[in-house]
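Model the full structure from these sequences, guided by the hints.
Here's the letter readout for the chains.
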Amino acid sequence: MIKKSKTLITVKYLFLILVSIISIYPFYWLAVGSTLSNGEIFKFPPKFIFGHHFMINYNNLVSSQPIWYAFRNSLFISTVYTVLTVYISALSGYTFAKFDFKYKKVLFGIILLAMMLPMQVTLIPLFRISIALGWQNKAQAIIVPALANAFGLFFMKQNMLSIPTEIVESGRVDGANELTIFHKLILPTSLPALAALGILSFIQQWGNFLWPLIILQSNKSTTLPVLLANMVQKGEVIDYGAVLVGAVISILPILLIFLFLQKYFISGIYSGSVKG
Amino acid sequence: MLSKLFNKKNSPYLFLIPFFIIFSMFVIYPTINSFYLSFIRTNGSKNVFVGLLNYKQVLENKEFWISLYNVLFIYVVRLPILLFLAILFAVLLNSPTLKFRPLFRLFIFFPVLIDMVTYSIIFSLLFNENFGIINYLLGLIGIGKIYWLSKAIPAKILIMIAMTWRWTGYNTIIVLAGLQSISNDLYEVADIEGAGPIAKLFKITIPLLKNVILFITIMSTIGTIQIFAEPTILTDGGPGTATLTPIMYLYRYGFNSFKFGYASAVAYIITSIIFIISLIHIKFSAKGGD
Numbered sequence: 094m095i096k097k098s099k100t101l102i103t104v105k106y107l108f109l110i111l112v113s114i115i116s117i118y119p120f121y122w123l124a125v126g127s128t129l130s131n132g133e134i135f136k137f138p139p140k141f142i143f144g145h146h147f148m149i150n151y152n153n154l155v156s157s158q159p160i161w162y163a164f165r166n167s168l169f170i171s172t173v174y175t176v177l178t179v180y181i182s183a184l185s186g187y188t189f190a191k192f193d194f195k196y197k198k199v200l201f202g203i204i205l206l207a208m209m210l211p212m213q214v215t216l217i218p219l220f221r222i223s224i225a226l227g228w229q230n231k232a233q234a235i236i237v238p239a240l241a242n243a244f245g246l247f248f249m250k251q252n253m254l255s256i257p258t259e260i261v262e263s264g265r266v267d268g269a270n271e272l273t274i275f276h277k278l279i280l281p282t283s284l285p286a287l288a289a290l291g292i293l294s295f296i297q298q299w300g301n302f303l304w305p306l307i308i309l310q311s312n313k314s315t316t317l318p319v320l321l322a323n324m325v326q327k328g329e330v331i332d333y334g335a336v337l338v339g340a341v342i343s344i345l346p347i348l349l350i351f352l353f354l355q356k357y358f359i360s361g362i363y364s365g366s367v368k369g
Numbered sequence: 614m615l616s617k618l619f620n621k622k623n624s625p626y627l628f629l630i631p632f633f634i635i636f637s638m639f640v641i642y643p644t645i646n647s648f649y650l651s652f653i654r655t656n657g658s659k660n661v662f663v664g665l666l667n668y669k670q671v672l673e674n675k676e677f678w679i680s681l682y683n684v685l686f687i688y689v690v691r692l693p694i695l696l697f698l699a700i701l702f703a704v705l706l707n708s709p710t711l712k713f714r715p716l717f718r719l720f721i722f723f724p725v726l727i728d729m730v731t732y733s734i735i736f737s738l739l740f741n742e743n744f745g746i747i748n749y750l751l752g753l754i755g756i757g758k759i760y761w762l763s764k765a766i767p768a769k770i771l772i773m774i775a776m777t778w779r780w781t782g783y784n785t786i787i788v789l790a791g792l793q794s795i796s797n798d799l800y801e802v803a804d805i806e807g808a809g810p811i812a813k814l815f816k817i818t819i820p821l822l823k824n825v826i827l828f829i830t831i832m833s834t835i836g837t838i839q840i841f842a843e844p845t846i847l848t849d850g851g852p853g854t855a856t857l858t859p860i861m862y863l864y865r866y867g868f869n870s871f872k873f874g875y876a877s878a879v880a881y882i883i884t885s886i887i888f889i890i891s892l893i894h895i896k897f898s899a900k901g902g903d
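Chains as they are written, first to last, in this note's numbering: chain P, 94 to 369; chain B, 614 to 903.
Wrong hints could be hidden among the right ones.
[Said to hold, decoys possible] Lysine-lysine pairs mimicking BS3-like chemistry, simulated, CA-CA at most 27 Å apart:
(1) K816/B x K105/P
(2) K758/B x K136/P
(3) K813/B x K277/P
(4) K140/P x K327/P
(5) K764/B x K675/B
(6) K99/P x K622/B
[Claimed, not checked] For each label pair, taking beta carbons as the anchor points, the in silico distance ranges come out as:
(7) Q233/P x L615/B: 26 to 36 Å
(8) F194/P x S763/B: 38 to 48 Å
(9) K659/B x F194/P: 39 to 49 Å
(10) R265/P x A803/B: 41 to 51 Å
(11) P631/B x I117/P: 36 to 46 Å
(12) F871/B x F137/P: 36 to 46 Å
(13) R265/P x T777/B: 47 to 57 Å
(14) S763/B x L205/P: 37 to 47 Å
(15) W161/P x Y760/B: 33 to 43 Å
Derived from the structure by calculation, the hints contain no laboratory data.
Even for Gly, the Cβ is constructed at its ideal location relative to N, Cα and C.
As structure tokens, this is what we get:
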């Protein structure tokens, strides 16, 4: 076999360490920055260690911004959306994976085409529909349109293809109706896929920015990304200490999810891409 | 009762009802309606059919072309870098002899977790011209102050750096998944024939990753043309129009000045460009394959 030189191996590790530092540093800096006063944030040379201003920054944030409203709204929208989109994607993905019916190919083709469609092309009509329905500043304006989740359907279909058809047949032999088969047999066997899609959907909705920026205009209906973006708008005095505490609040839930469900998270990105 | 309703024949249609009702209302109808609106001008409360006037005006608008040029520039420069880094990281992380593999993997994936707004805010501070750590570190190695936010070329580079930081880990996961589907036998045969690591990379790994590379390419095409949060927060499209993007342009015309017909024409032009670029990639990759 070819002998690898020691230097090459050292270079490889040094490179990976450097890349790791670059990947992690912005998170570390966010944590540090949230504990610094505005004067310390804008100090040269920059500070690398934690300060003592976290509570002051936090109090400034809470007294000037509806941060916990935004947190609650983000949590509500992301959770409800995740549950619904996982259920609907599973149900329709299962249908495309395991049933034969009229126009199946045409319908699936339309869904594939929709996956390539940029969301922005629907933005203006979506705005007009939402206004007409009275959904301005309402969570459903974010949740409901996003449930037309072509990617989710596609993702679940790919995963459900590998479920043995015998499972479905055994349910039919037992005299169960198709809806019961889906609930009692299909959903439990697809738990890893459901979890993966769930995590991806939650994270995507948690960071959703453009559409909420347009349709959620009131203080009480705002979500975290919209609130944070408003706080750093150009041409206004920006309290960066408070902004960074807000940023910490906004990434903590995702970090927690990741820590507990890392396995599903990575398998989600895997199966969302390559199996397709 | 339920078993009659949900029999084998009805069920597929019933199961698809929730999805397709929402899909029709919030994807199909808006897509068609947007097309219709792109031929319309609103005059008071009246809709006036204006033919191709909106399209003509968009295509004659200099700012629109600049916004398009900006994202195409970012796309063309960034895509090879992204592919190179994702493949490099994936190959390194895929090596079974690598120590601390799970830890390196975790670190490289980490940026995937942060949302567009939050990471843009962090980057605006890291790249702050006077106080940011980047200019500080550059200063330590003797490079003078770079005007990341107030000069055109550095501002574009900043957007590229930010997007590369955010998306390389994500694409590394995808390439890794692709790598793991390549059989080890191929590499063993190559070893026997005396192929070096570079030859293996270009003769085995990259050809077999063709589909993965195509997937990443198409997703980055769509993603780059649609960038909005990063330039909005980092540079507000500036300096001047140096980092203005088509979606920012759409947002300004559609929702700040409520020119719905004009904005719809913009949306359709952007969509057409995305479709054309995606088709070219698919064609190109089908031709290149054996």
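Now for the hints, and whether the structure bears them out:
1. K816/B x K105/P: Answer holds: K816/B to K105/P is near 22 Å, not above 27 Å.
2. K758/B x K136/P: holds (16 Å)
3. K813/B x K277/P: violated (48 Å)
4. K140/P x K327/P: The given pair, whose Cα atoms are some 24 Å apart, holds under the 27 Å limit.
5. K764/B x K675/B: holds (20 Å)
6. K99/P x K622/B: Violated: K99/P and K622/B sit about 66 Å apart, past 27 Å.
7. Q233/P x L615/B: 26 to 36 Å: Between Q233/P and L615/B, where Cβ atoms are some 28 Å apart, the hint holds.
8. F194/P x S763/B: 38 to 48 Å: violated (59 Å)
9. K659/B x F194/P: 39 to 49 Å: Hint holds: Cβ distance 44 Å, inside 39 to 49 Å.
10. R265/P x A803/B: 41 to 51 Å: The hinted range 41 to 51 Å holds for R265/P and A803/B, with Cβ atoms some 50 Å apart.
11. P631/B x I117/P: 36 to 46 Å: Check passed, 41 Å falls within 36 to 46 Å.
12. F871/B x F137/P: 36 to 46 Å: About 44 Å separates the Cβ atoms of F871/B and F137/P, which means 36 to 46 Å holds.
13. R265/P x T777/B: 47 to 57 Å: holds (51 Å)
14. S763/B x L205/P: 37 to 47 Å: holds (43 Å)
15. W161/P x Y760/B: 33 to 43 Å: Since the Cβ atoms of W161/P and Y760/B sit about 38 Å apart, the hinted range of 33 to 43 Å holds.
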